[in-house]
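A.B. asks: Fit the two chains together into the complex; they arrive one by one in their own frames, and the hints show the way.
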Amino acid sequence: MMLQRVGAIAVSDDPLHVPRACDGRAPDVFRPGGWVQMRQYRENEPVDFAIVGTGAGGGTLACKLAEYGFSIVAFDAGPYFRPLEDFASDESEQTKLYWTDDRIVDGANPLQLGSNNSGKAVGGSTVHFAMVSLRFRPEWFKSRTMLGYGADWPLDWREMWDYYTEVEQALKISGPVTYPWGPPRPRYPYRAHPLNGAARALAKGCEALGIKWTETPLATLSAPRGLAHPCVYRGFCVTGCSTNAKQSALVTWIPRAIAAGAEIRDLAMVGRIEVEPSGLVSGVHYHRDGAWRFQRARNVVVAGYAIETPRLLLNSATPRFPDGLANSSGLVGKNLMAQSNQAVWGRLEHEVRSYKGPPSLAITEHWNYEDKGKDFFGGYSYMSQGPLPQLWANTLFSARGLWGDRLVEAMKDYNHVVGLKIVGEMLPQESNRVTLADEVDQYGLRIPRVTYSWCDNDKRLIDHSLKFMRRALEAVDATDTWIQDDDTCHLNGTARMGSDAHTSVVDVDCRSWDIPNLWICDGSVFPTVGGANPSLTIQAIACRTADRIRALARQGSMRRANILSMQRG
Amino acid sequence: MRLPGERDLIVMAGIAGFSMALVSMLSAASAPAARSDTRLAPRRNRSSQAQTVETARKLNRAAGMLAASVLADSSVEHYRGSFKNKAMYTPLLVSALTMATSLHGTADMRPFAHKARDATYLVAAATGLVGSGFHLYNVGKRVGGFSWQNLFYGAPLGAPMAILLSGLLGFCSERVREAGRTRPRIFGLPAGRAIAAVAGAGLLGTTGEAGLLHFRGAYHNPFMLLPVTLPPIGAALLLSAAGDRSGRTHCVARSWMRLLRAMGLAGVGFHAYGVSRNMGGWRNWSQNILSGPPIPAPPSFAGLALAGLAALGLMRAHPDA
Ligand SMILES: Cc1cc2nc3c(=O)[nH]c(=O)nc-3n(C[C@H](O)[C@H](O)[C@H](O)COP(=O)(O)OP(=O)(O)OC[C@H]3O[C@@H](n4cnc5c(N)ncnc54)[C@H](O)[C@@H]3O)c2cc1C
Ligand code: SF4
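Here the protein sequences come in this chain order: A and B. So in numbering that gives the first Met the number 0, spot 305 of the first sequence is number 304, and the numbers just go up one at a time. So in numbering that gives the first Met the number 0, spot 53 of the second sequence is number 52, and the numbers just go up one at a time.
Chain B on its own, in the form it takes in the complex (with noise of 0.2 Å):
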């Protein structure tokens, strides 16, 4: 037997990271609120405190499970085009210590933004920019420039702006979680509002993203067309939320970003039976995997429902966050 090469094990390291942190986000979510509440948070302004933290916490998880996707699928796509540029690594880092810290993150009880946390998500959320605007030269300069072909097979688009939201989802987190007793903002913004309108904005991103590349593969499967139908009927949702100051509690839109969480979740097992419609199927994997459609991609909308939710919250909390 062949033994991995060194960007293997890097990439398998990726996986095995995003499956770690998908569990632990996951069993995270569904960990009952009010366990945590008392054992860690402060006495003092107990009902309003404890909000903005599990609030912060409900953030750092969103981001978490943004730079799981990142890094799982910056991982996979990296490998297949064989790090041909050093700067290839970068993202893979990136989520990785992003990661890292919003687990961190989400178990912190402490109303304090952190240092070192706050620096992480900014580096993302740079990152997401700088790669971005690398995936556009990569597009640019192939041959036919901004077409269809380049834009189905050449470095997507809209890829590194997950990190750009994770990191910026991250960054929201420290501002809710500082805020403490008083009204939380992020750059003078009421900070749930804010924090609804990245998120919304974010699902539409990713639903460009989902649909050019559903497109790609011609909607041959009617459930390719769940991710570009629910996910903007969530942002308007959002969009219409961090708009509205009548306080009310947008039942709806929290119901749909439930949806919308299932359905990143579910995703993973549709691009899972995906990989297995090639040829050799799951026992040829290690082709099938890059050839097939990415399996880390879907969770990126789980991530910004979570983001979702824990908006939703922070303004029933604080109607005018």
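So that you can see chain A by itself, here it is in the shape it has in the complex (with noise of 0.2 Å):
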């Protein structure tokens, strides 16, 4: 632990242990060792929204709502990291980055939960993901009256698509100048990186193949932007970034928000939402330095991503909601979705580095737009690969068995190796789920079971795409190419938006139908997932609620101090 003076007092700097945004202040993520001022709310006076989770939806809408005069108190359980101090070049270290805490995984598919899929920090999973930022296809947002299957979305996708140059622009994606697929969209922001070794092998294989592949639009910076540096392309990405390129909610949305007058509330963990006599919620209890606390809100925004909102719903129940909050339509934990993961890796006779830069600098949405000659639905992108020492020995270990000195022989070719993975939509199904086990974590709060089976349109779907790039690895003269096909990533589903409140748990406007005052802005709103990965389309839903919200407080012509008492609009 390092002791740091501040003053005439000497404060401990242990992110992971003792909260860093108090006293009215929080790090400035920009600068080593700097401050910014942060207002800070008293727990016994009501904020607008308590909001729990400052990641991709959390992250954004505390932003929003802030810069909208909201009055916004963000919790995450997670630390206030600064990337500049805070991250090595180290794949161990970075663990930190991951949330790790006690969960059961069954089912005949049990999800690996941890560093591809969940974060725990302020910032959210966005410290750690691999900033792929892709608009959905717009028939997904009606996928079961357009393409047959999944659930539509109560969202139109025109209205979607401004809202996703609404985010594009706030994190100065960098995208090629014309996106080859989809209906036209703005310029992106920045421009796209260079390609890197692994990325020219897609690009090669899909030009032998006859389809479109482009430059991946990426939340990292290809030129300066404010004090955050251009990225350096040495490739730590899914471990954290430090030098503050890559655009995660940290350096983002959350600075945006102190600003704007939200406070953040570091390495606090909400346990329970307190529901009123009326039925209303009233706030939120939270463990934080060691001890549990209440803070009182007029709404309560969960956003804690597809398995820790349910849980947290499902932990809050109470005599008059006993499965849980906004459950009436016992749809809370349920069509969890992941997306399939699934690679193809081979071996180039040229160098290839494929660690150099972020992951994923090239991509293929071709059978995201494509519906002909598919045995499936839904749709898959796959992109170029850059996977970290560490990991790619755990890779060799896991999906192949090699130890020892085949181990060590294989990654004597690590330069060489070159590999493409998908990005594949997963059907909704309700046995897919989080329930809560019996078993309790380390705040005594029952840990969630998560039940996840492939069904056999999933598992069509993955076979389509590694056959496809097999041949794409193929085309480009890899040898010894080999599968992995146990990789899933993202999750998303467990409290589906929708029309009916018998068929969904929040409206379109993520506002809980049980509960006026309990809303619902994350992944786990998604009715189906897409070929795509999700956080650009979490972001634009967290930007449109925070704008219908602001038109519902307006609309009610009323104190913003009164919106729980805002009819439905």
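Derived by calculation from the structure, the hints in this document are not laboratory data. Please read these numbers as outputs of a predicted model, since none were measured by experiment. Take the hints with a grain of salt, since some may be wrong.
[To be verified] Just a few of them, taken from the derived set where beta-carbon distance is under 7 Å, the chain A residues facing chain B:
| # | residue |
| --- | --- |
| 1 | VAL176 |
| 2 | TYR189 |
| 3 | ARG199 |
| 4 | ALA202 |
| 5 | LYS203 |
| 6 | ALA222 |
| 7 | PRO223 |
| 8 | HIS228 |
| 9 | THR242 |
[Said to hold, decoys possible] Derived SDA-like pairs (lysine to any residue); straight-line CA-CA distance at most 25 Å:
| # | chain 1 | residue 1 | chain 2 | residue 2 |
| --- | --- | --- | --- | --- |
| 10 | B | LYS83 | A | ARG233 |
| 11 | B | LYS83 | A | TYR232 |
| 12 | A | LYS95 | A | LEU444 |
| 13 | B | LYS83 | A | LEU347 |
| 14 | A | LYS355 | B | SER290 |
| 15 | A | LYS355 | B | GLU76 |
| 16 | A | LYS355 | B | GLN286 |
| 17 | A | LYS355 | A | THR94 |
| 18 | A | LYS466 | A | ALA207 |
| 19 | A | LYS211 | B | LEU135 |
| 20 | A | LYS373 | A | PRO137 |
| 21 | A | LYS355 | B | ASN137 |
| 22 | A | LYS203 | B | PHE151 |
| 23 | A | LYS203 | B | PHE145 |
| 24 | A | LYS355 | A | PHE396 |
| 25 | A | LYS466 | A | SER452 |
| 26 | A | LYS211 | A | ASP370 |
| 27 | B | LYS83 | A | ARG346 |
| 28 | A | LYS203 | B | HIS134 |
| 29 | A | LYS211 | B | LEU150 |
| 30 | A | LYS373 | A | CYS454 |
| 31 | B | LYS83 | A | GLU350 |
| 32 | A | LYS211 | B | TRP147 |
| 33 | A | LYS211 | B | ASN149 |
| 34 | A | LYS141 | A | PHE376 |
| 35 | A | LYS411 | A | ARG346 |
| 36 | B | LYS85 | B | VAL142 |
| 37 | A | LYS211 | A | GLU369 |
For every residue, glycine included, the Cβ atom is placed at its ideal position computed from N, Cα and C.
C.D. replies: In structure tokens, the structure reads:
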């Protein structure tokens, strides 16, 4: 633990154990050792919104609502990192970014939780995400009606198109000058990054097979922005970016939120949402600094991602809501959707050094937009890959059983490894779900049990993608190709939005059907996932939700303070 | 401490050469012309002959400024490309030679063309042409062909043009110098107008290059708009002066060239600031000079502006030149 002198008092600076955002200030993520002023709210005076989680959903919403003048306290169970100082170029050290609290996994295809799907930090999973920032294919918002599977979203893609633009601007997404798929979109604010060896292999494979490819739109800077440096292409992205090039919520929405008067509470685990006799929620119980506390709030937004969100709702059950909050439909925790993340790997004669630069610099969304020649519903994109050495050794061990001399021998080829990996759509199934186990965690809260099994459609999609990617690799003369067939990424669903209170948990504005001052705003609200990484959509929904909350508050022609008694719009 | 390798030494020498040349060009540019005139210029026909020599020296200076920019820029960029192909040493050698030749020309008061200078300038021009071919080939063979990705990150198509321009201006300088008492002509064209046209076209080409690379940087700083807005106006002024037979003195064009000269030199400062905005700033110079904006590039605008000034001067002295 490091001791740092500030004025006359020595303060502990161990972000994993002692909160940093206190005493009217929060870490300045752009200046080593710096602080920014932060407004603080009293616990017994209700704030307009208590937001649980500060990731893609919660961080964005906190920023937008604060900028609209609402009083906000946003809680995160994780630490408040200073990327310039706290992040090492060391995979083991950086496991501190992952949510590794106890969870039980089961089902026919149990999910592997932690590094590849959940973060625990101010900024949420975006602190270690891979920055791929894709829009959904418009038809996916009506996949039941237009494509015959899954469920329709209550959102209109044209409205989403504008919110996507807002997020792309806010994160200064670096992308291709023109995007080859889907309806026109405005130019990305920053230009695409240079391709690395792995991306060039993807591009050549696509050209050989006659499909389109492009530079991946990424949330990392290709030119300076304010105090944030442009990307240095060292490729430590999924273990946290130490240059601030990565436009995570931690360095984008959160500083804006604080500047607009929001308070962030780090190392603050929310354990239960309080419900008044009236049936409205009145605040959150949270654990910080070794004690349970209570923050009063007029509205509560849950944004803990697709496992912690249903867990909190279920853990907050009361005699009035014995099945958990917002759960009259019985759907809280159900329809959990991961995305398939299978890969084909091979070896190229020349050096690839795929780990240089952001891991997925080139992409093809061909099979997201092409419906012909498929024996499955849904779509997938595939991207070039750049695994860091420890992850790669782990993959060789877990997927191929290599150990000892054989592992060492295989690792010698690390510079020649080339791989393609999908982000594939998995269909919503009620049996894939989050429930509560009887065991409790370090806070004494019941831990989640995550049940997951692939359906036949999921398997057919995976099969199709693996065959296709193998052809793509062989087309660039990759040898020794092999398949990694058990990986998944991204978690969505579990509190789906819809237009009917019986078949969804929240409405189009992310407001729960059952409790008008309880909102859910994160990846949980997805009715389907598509074959694109979800964070841009989560943030776009959060921007829309903020606009809707402002509109509802105005429409109710009442003081913001009374937003909880707003009529449904 | 690790001793610098052979390649590092070449690059350091390139950068040192660039700085020295820049300083000497600048001090030459600001030295009062009259002093040198009286020192060595032949008595006969003093005004017109001295004027042509003076113009020729100005053109040497412009060619040298461009060559210096190429030397430093290609040193850094080809070092970054690890001199993968032996031919990548060529622009370093040729631009160094061109720079030395130009310094020689700048100091030379005699009203005769110089064979070695002439030859060097022709080699420089040829290098520019061949280099452009190489760069085109490099971009075309990359996956995606002539796409934005490859225009941004492949070999810069416009860069070798700078050494071509340097050679052309140097060649013009020798023609002007040898004209002596007669009307200076280049390939049968009036020299002043021909040089104005070359410099104007050069400004447009260089603007294209700056435009492409500043677009790559998403114009994140509003000052990045200057080199894509000011030079085309300068080019238009030069080209219209080249076509103008009214004998006007082109005050606006002249002032604009001075503005462009200042812009080109200020660009060095802006790019140095750009380097500082990369991770580690100037403390991490050995990496950031390579990844930040190219510090030696903007003076090529100054070089072309100097050529423009020389051409306008020549046209003023010889209305039919
Ligand atoms: C390795 C990796 C790579 C990824 N790559 C991409 C990518 O390239 N592109 C893309 O679009 N997406 C990517 N993702 C997914 C993306 O990061 C997530 O989809 C997105 O961040 C989810 O947003 P969220 O707001 O739902 O949750 P999160 O961003 O995970 O935020 C949830 C936050 O809530 C906090 N929290 C949870 N419960 C509580 C509680 N009870 N009390 C207090 N705090 C709580 C957590 O600590 C966490 O910080 C990646 C994810 C990972 C892990
Ligand atoms: S490669 Fe770029 S985005 Fe990734 S960690 Fe390094 S600087 Fe950050």
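A.B. asks: Check the hint pairing LYS466/A with SER452/A against an upper bound of 25 Å on the C-alpha distance.
C.D. replies: 22 Å, holds
A.B. asks: Can you confirm whether the C-alpha distance between LYS355/A and ASN137/B stays at or below 25 Å?
C.D. replies: Given that 25 Å is the threshold and the Cα spacing comes to 22 Å, the pair holds.
A.B. asks: Given the hinted pair LYS411/A and ARG346/A, is their Cα-Cα distance within 25 Å?
C.D. replies: 12 Å, holds
A.B. asks: Taking the least C-beta to C-beta distance, is ALA202/A closer than 7 Å to chain B?
C.D. replies: 4 Å, holds
A.B. asks: Is the Cα-Cα distance between LYS83/B and TYR232/A 25 Å or less?
C.D. replies: 21 Å, holds
A.B. asks: Next pair to validate is LYS355/A with GLN286/B; report whether the Cα-Cα distance is within 25 Å.
C.D. replies: 15 Å, holds
A.B. asks: Given the hinted pair LYS211/A and ASP370/A, is their Cα-Cα distance within 25 Å?
C.D. replies: 15 Å, holds
A.B. asks: Would the pair LYS203/A and HIS134/B pass a check requiring their Cα atoms to be no farther apart than 25 Å?
C.D. replies: 21 Å, holds
A.B. asks: So, TYR189/A near chain B? Judge it on the closest CB pair being under 7 Å.
C.D. replies: 5 Å, holds
A.B. asks: For the pair supplied as a hint, LYS83/B and GLU350/A, is the alpha-carbon distance within the 25 Å limit?
C.D. replies: It holds: about 15 Å lies between the C-alpha atoms, which stays within 25 Å.
A.B. asks: Can the hint on ALA222/A be confirmed by a CB-to-CB distance to chain B that is less than 7 Å?
C.D. replies: ALA222/A check passes; min Cβ-Cβ to chain B is 4 Å, inside 7 Å.
A.B. asks: Is the straight-line distance between the alpha-carbon of LYS203/A and that of PHE145/B 25 Å or less?
C.D. replies: 15 Å, holds
The structure shown violates none of the earlier numbered hints.
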